Amino acid sequence: MESCKILIPAGACGVGINDAAFASGLAFKPDCIAMDAGSTDSGPAYLAKGICKYSDQSLEHDLELSISGAVELGIPLFISSCGTCGTDSSLEHFVSIAEKIIKRHGYHVKIAVISSQMDAALLERKWDEGKIHALPGAPEIQRDSFASCSNIVGLMGAEPFIEAHKNGAQIVFAGRATDTGVVAAYGLMQGMHEGACWHGAKVTECGPQCSDTSGVCVILELDRSGFTVYPTVPEAHCTPYTVSAHLLYENTDPFRLTEPGGSFITEDAVYTQLTPQACRVTGSRFERAAQYTMKLEGARLAGYQNISLVGVADPDILANLDRWTAFMSDYVQGILDKHGFDRSTYSFHIRCYGYDAVVPLMAGENYVPREVGLLLTVTADTQEIATAVAKEFNPYLLHLPKDVQSADDLLPTFAFPFSPVDTPRGPVYEFVLHHVVEVDDPLELVRIRYRQY
Amino acid sequence: MAKLQEVAKYVRSKNAGPFWATIEIFCSSEADYQQVIQSKNISKASIAALYSVAAADVQMYYIPDIYVVKISFPRPYPSGYRYERDMHYGQQYRLLAQVEL
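Chains as they are written, first to last, in numbering that gives the first Met the number 0: chain Y, 0 to 452; chain P, 0 to 100.
These aren't lab readings, by the way, just hints derived from the structure by calculation. Being a predicted model, the structure only gives us computed values, none of them experimental. Glycine included, C-beta positions come from ideal geometry on N, C-alpha and C. Be aware that a few hints might be false.
Among the chain P residues that face chain Y by a calculated CB cut under 7 angstroms, a handful are [said to hold, decoys possible]: (1) K39; (2) N40; (3) S42; (4) Y60; (5) P63; (6) I65; (7) K69; (8) S71; (9) G79; (10) R81; (11) M86; (12) G89; (13) A96.
Cut-off 25 angstroms, straight-line C-alpha distance, at most; resulting in silico cross-link-like pairs (SDA-like, lysine to any residue) [claimed, not checked]: (14) K52/Y with I96/Y; (15) K43/P with A133/Y; (16) K8/P with Q272/Y; (17) K39/P with K52/Y; (18) K13/P with G167/Y; (19) K13/P with L134/Y; (20) K8/P with P239/Y; (21) K43/P with V358/Y; (22) K102/Y with G167/Y; (23) K2/P with I96/Y.
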């Protein structure tokens, strides 16, 4: 094989594959369909709870297209980070939707399910052996930090996909993996240019974002000297600008990107417009690391929350909003102390949407909003404490004047949209790990199971 | 003096994993790009002050071929911490966009 074509149907399985663009993609006769399905972007709750961000209905739509496309063309389908967070629970849920589709069609196909869920006791052993290392910007952890996480996953590279496919799996569903490994795997297996496989995978793992049109599919054509990328529909284009600009997206260093087995270096890459739709890239390279590592992601319980939302349109309050919210915090703090709440068991935060909730005000920026939504968030050791603190705030969210001492202040009343006015949010979570673990072999900490249909 | 948002074609921000944030400044021409990269207000020190991080932790990358400056730094709190204001960090570019060059 001198070149191969990877069809990337979407930036994430579950986001909604464009039916027409996917059908056009199949007409290019791809050798493999590859797609990522996960992310940590939406916060720690998905990982901590082991749940998926997308609806079963949207997963079913995207899986129906991908599985049918792969089976009908007789080509492999690789999907990584199944179920958003890639834990065993989210992976199994994802696979159960795929199984329903396979059975409904009566497809005869061998699938592989690859887990990269990590066991805390095993990581403690790795910790004792000095084989766990902090990445830049990592929080401090101790040996017992692993056991404090409700779920830990390790990011696998391309090797587990290659292993599963070599063992006859046409469809591979993997737990947490790097965004790129799933796309790079097929080309690496076929001996295509290593730097091009990784660089091309990085460019295309978000699907259409490397083109000038959203919601389309793209094809990554890999060969022995570079890669070419193009959308599957004629109205969309990949240009040196769209392709090189997308390389910047959501990473720290756009010239050197780290994978489990090494880094790919893009600073000498040359981008050329090959046809009006296709961009050609050469000159990227892969540098093997002395030690293979898997990045770890872990999340744990961080308390319980209660939130209240109230609207304020009173111009006198809004003219001095910072002073009023500070006054409210101090005043209610005094009441909480008087009522015997232990300060070490809770905290609270007031944020005014429409004023400075999303982006802090710049120094010297004077802004009086027309109205604001005041969001009170209480975090506590238990849901009971969080809700009780929120209830203590309630009379003041409803009525607090700008100055309780002033006789001029009649009792104002603010605008609640909900009853009950406070909402228990249940448990909240936090990310704990930004570390890598050394492994002796890319398959050491992954488990591959096969199922024949 | 012109603000960055008046000179740059596009400024965007995004999380880069749960622990890092990244901001990109896209310019339309060499002249605009030069005006941005030569401004002392587009520097590690100014970014550090604006985003409450240490200047030593701020990384800056220059991509002259497409007139882009990319700035990366660790988030003061990881994504989704209990009083998160912007999970994906997608709106925080507004602080930088309003800076006078």
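Each hint, compared with the structure:
1. K39: Since the shortest Cβ distance to chain Y is 17 angstroms, the answer is violated.
2. N40: 12 angstroms, violated
3. S42: Violated, about 17 angstroms.
4. Y60: 6 angstroms, holds
5. P63: 11 angstroms, violated
6. I65: 6 angstroms, holds
7. K69: 5 angstroms, holds
8. S71: 4 angstroms, holds
9. G79: Check passed: Cβ of G79/P comes within 3 angstroms of chain Y, closer than 7 angstroms.
10. R81: Since the shortest Cβ distance to chain Y is 5 angstroms, the answer is holds.
11. M86: 5 angstroms, holds
12. G89: 10 angstroms, violated
13. A96: 10 angstroms, violated
14. K52/Y with I96/Y: 15 angstroms, holds
15. K43/P with A133/Y: The given pair, whose Cα atoms are some 23 angstroms apart, holds under the 25 angstroms limit.
16. K8/P with Q272/Y: 23 angstroms, holds
17. K39/P with K52/Y: 42 angstroms, violated
18. K13/P with G167/Y: Violated, at roughly 39 angstroms.
19. K13/P with L134/Y: With a Cα-Cα distance of about 19 angstroms, the restraint between K13/P and L134/Y holds, given a limit of 25 angstroms.
20. K8/P with P239/Y: 18 angstroms, holds
21. K43/P with V358/Y: 20 angstroms, holds
22. K102/Y with G167/Y: The given pair, whose Cα atoms are some 19 angstroms apart, holds under the 25 angstroms limit.
23. K2/P with I96/Y: 51 angstroms, violated
Of the numbered hints stated above, those contradicted by the structure are hints 1, 2, 3, 5, 12, 13, 17, 18 and 23, listed in ascending order.
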